[in-house]
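Asker: Read off the chains here:
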Amino acid sequence: MNRILVVDDDKLLCKMLVKHLSRSGFFVESTHLLLEGIQLANDVDWDIILLDVQMPDGNGLDSLPSFINSSSQPEVIIITGQGAADGAEQAVLSGAWSYIEKPHVLRELKLHLPRALQYREEKLSNHTIPVALKRGGIIGHALVLDRCFDDLAKAAASNVNVLLSGETGTGKEVFARAIHENSRDKSSNFVVVDCASLPENLLESALFGHVKGAFTGADRTVKGLIKRADNGTLFLDEVGELPLHMQKAFLRVLQEYSFRPVGASEEETSRFRLLTATNRDIEAMVDDGSFRKDLYYRLKGLSIHLPPLRERKEDIEELVRFYLKKLCKRYGLDAKMVSPDFYGSLAEHDWPGNIRELFQIIEYVFASCVGISTIFSIHLPPVFRVQMARAAVQAETGSASASTTSGQELKPWNAYKNEMEKEYVNRLMAHCQGDTKAACDFSGISKSKMYRLLKQYG
Amino acid sequence: MNIFFYPASVSKYNKPYFKALQSCVAAKNIILLPSGSGFESLVSLSLRSDDILILYAANDDAFESLFAMQNDLKDFRILLLLSPECSRQCWDRAYQLSPIFVAESTDFTELSAVVMNILLRNDDELWLPSHP
Numbered sequence: 394m395n396r397i398l399v400v401d402d403d404k405l406l407c408k409m410l411v412k413h414l415s416r417s418g419f420f421v422e423s424t425h426l427l428l429e430g431i432q433l434a435n436d437v438d439w440d441i442i443l444l445d446v447q448m449p450d451g452n453g454l455d456s457l458p459s460f461i462n463s464s465s466q467p468e469v470i471i472i473t474g475q476g477a478a479d480g481a482e483q484a485v486l487s488g489a490w491s492y493i494e495k496p497h498v499l500r501e502l503k504l505h506l507p508r509a510l511q512y513r514e515e516k517l518s519n520h521t522i523p524v525a526l527k528r529g530g531i532i533g534h535a536l537v538l539d540r541c542f543d544d545l546a547k548a549a550a551s552n553v554n555v556l557l558s559g560e561t562g563t564g565k566e567v568f569a570r571a572i573h574e575n576s577r578d579k580s581s582n583f584v585v586v587d588c589a590s591l592p593e594n595l596l597e598s599a600l601f602g603h604v605k606g607a608f609t610g611a612d613r614t615v616k617g618l619i620k621r622a623d624n625g626t627l628f629l630d631e632v633g634e635l636p637l638h639m640q641k642a643f644l645r646v647l648q649e650y651s652f653r654p655v656g657a658s659e660e661e662t663s664r665f666r667l668l669t670a671t672n673r674d675i676e677a678m679v680d681d682g683s684f685r686k687d688l689y690y691r692l693k694g695l696s697i698h699l700p701p702l703r704e705r706k707e708d709i710e711e712l713v714r715f716y717l718k719k720l721c722k723r724y725g726l727d728a729k730m731v732s733p734d735f736y737g738s739l740a741e742h743d744w745p746g747n748i749r750e751l752f753q754i755i756e757y758v759f760a761s762c763v764g765i766s767t768i769f770s771i772h773l774p775p776v777f778r779v780q781m782a783r784a785a786v787q788a789e790t791g792s793a794s795a796s797t798t799s800g801q802e803l804k805p806w807n808a809y810k811n812e813m814e815k816e817y818v819n820r821l822m823a824h825c826q827g828d829t830k831a832a833c834d835f836s837g838i839s840k841s842k843m844y845r846l847l848k849q850y851g
Numbered sequence: 006m007n008i009f010f011y012p013a014s015v016s017k018y019n020k021p022y023f024k025a026l027q028s029c030v031a032a033k034n035i036i037l038l039p040s041g042s043g044f045e046s047l048v049s050l051s052l053r054s055d056d057i058l059i060l061y062a063a064n065d066d067a068f069e070s071l072f073a074m075q076n077d078l079k080d081f082r083i084l085l086l087l088s089p090e091c092s093r094q095c096w097d098r099a100y101q102l103s104p105i106f107v108a109e110s111t112d113f114t115e116l117s118a119v120v121m122n123i124l125l126r127n128d129d130e131l132w133l134p135s136h137p
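Here the protein sequences come in this chain order: A and B. Residue numbers for the first sequence follow my numbering, so the first one is 394 and each next one is one higher. Residue numbers for the second sequence follow my numbering, so the first one is 6 and each next one is one higher.
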């Protein structure tokens, strides 16, 4: 979806453009202030910027270079008053795509916009992005992952804010590190903030820092993580957990690049590239009011969604080899061989915990195979072997059982129901690795009923 | 999710320090990794990705030994305790270990709150045995 920013002090015109362009399938945002427009251009990727000349806080033409040279290098279309031919000429000479005259903005836009977008598309397709991306800890070659690499390349080539989304354990931090490692600021600091792990009262001090004596126990001045990320990259992990009052404070940092450490009288400055990650549906949080819309727009200059492991099972083998090698090096042991049946067992699992869960399983297996040179599926936790055995039986009897289901001898209702319940409970417990609570959560069955079923069939 | 404590240098004060830590962070049993052993001890095989690993540097040398383990530490949730004897440089470089939390080693109050918060938020995560 192409993204258009309207910078015009005419509120009615803005409203009309946003409405009309949104209906045409564009993502549109507007602002009535020039400085806010420049800020938005720096923080978010835009394809087209519609820029008015006469703004209450400055002249649009004077600020044209700031828009043209912002991170996504958008095409700028100048909106001028009638008969301002000199200004229009200056705009085009300064690098604007074109100019259109008020009041026929919509009519003229229909002519200019498609051409500007076509030009931009061709320009971007020729844009030089890093040829040899450093993959860092990103392992795998599945097609769904390749798409993420394309986005990673775009992110690395610009300085735009990036929002990484995906289920827990899909490797969002690894991706964030890779973006940093491939960016122009790779030699600067990469600072991680885990918004979910820190209690609210500690999060503020960790982010902004504090001065000595700011609160009980603050017996030394501590530099905050925002300051440590100055000229580098700040990675806010689990940004969806950021409390509302902190969202407001952080938005101000993004707008003004300045903040005040806890207990300090002076403001400090910090300019950083922002990467964020979440496993929550932030759009839904915006809708229900638990996440600020203005902050959300600033975070998602570019969005990258990481696929769950179950959608890239072809990468499991490579991930296992990578992690085993890492563990052997960590513990100073010789390399280990892996039997094909081991991979077969792993492929039967759905991996709700994704790569993190896979690595935990490898660690479990590794710990049980210290003196063994080849790893077999027998070394896996029993639940995996059960899954593999079931899958094998199903594969052998698959078509037969499918066709006989309808042709089975009809049984009394209670006998049939018991049989089905038993099968469901067994499959459920295998899926949840024997965890009763997880089984209740997954199935929606109450605890008391679950215990009754387990007693009856387990 | 398990909690481990690793003092980076050998000292007779490590055990009483560990006991004090254990009594303050009462949420769960903490597993003690042998001081200064890196990942060479058998008990370190019980570590799982995303486990909580509380690191303790009693001085600059101990911090340097932790720094040398930087690549492997990224797999865990690091909580770092620095002794008052650690220099300013240690504090300035501490974030490079990507710790969730850094604090002076003399007060466990905040550390305990962080541990509790992590455990509460991860209550519904998959459970996997540490020992096969």
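Hints were generated in silico from the structure; no laboratory data involved. Hints are not guaranteed to be accurate.
Claimed, not checked - Here are the simulated DSS-like pairs of lysine-lysine, each with C-alpha atoms no more than 25 Å apart in a straight line:
id : chain 1 : residue 1 : chain 2 : residue 2
1  : A       : K729      : B       : K24
2  : A       : K719      : A       : K706
3  : B       : K79       : A       : K719
Said to hold, decoys possible - Simulated restraints on C-beta separations:
id : chain 1 : residue 1 : chain 2 : residue 2 : range
4  : A       : V679      : B       : Q27       : 22 to 28 Å
5  : B       : Q94       : A       : P636      : 48 to 54 Å
6  : B       : D112      : A       : A546      : 42 to 48 Å
7  : B       : Q94       : A       : A546      : 22 to 28 Å
8  : A       : L486      : B       : F72       : 50 to 56 Å
9  : B       : Q27       : A       : P636      : 54 to 60 Å
10 : A       : A550      : B       : D112      : 22 to 28 Å
The C-beta atom is built at its ideal place from N, Cα and C for all residues, glycine as well.
Asker: Would you pick out the hints that fail for this structure and give their numbers low to high?
Answerer: Result: hints 1, 4, 5, 7, 9, 10 break, sorted rising.
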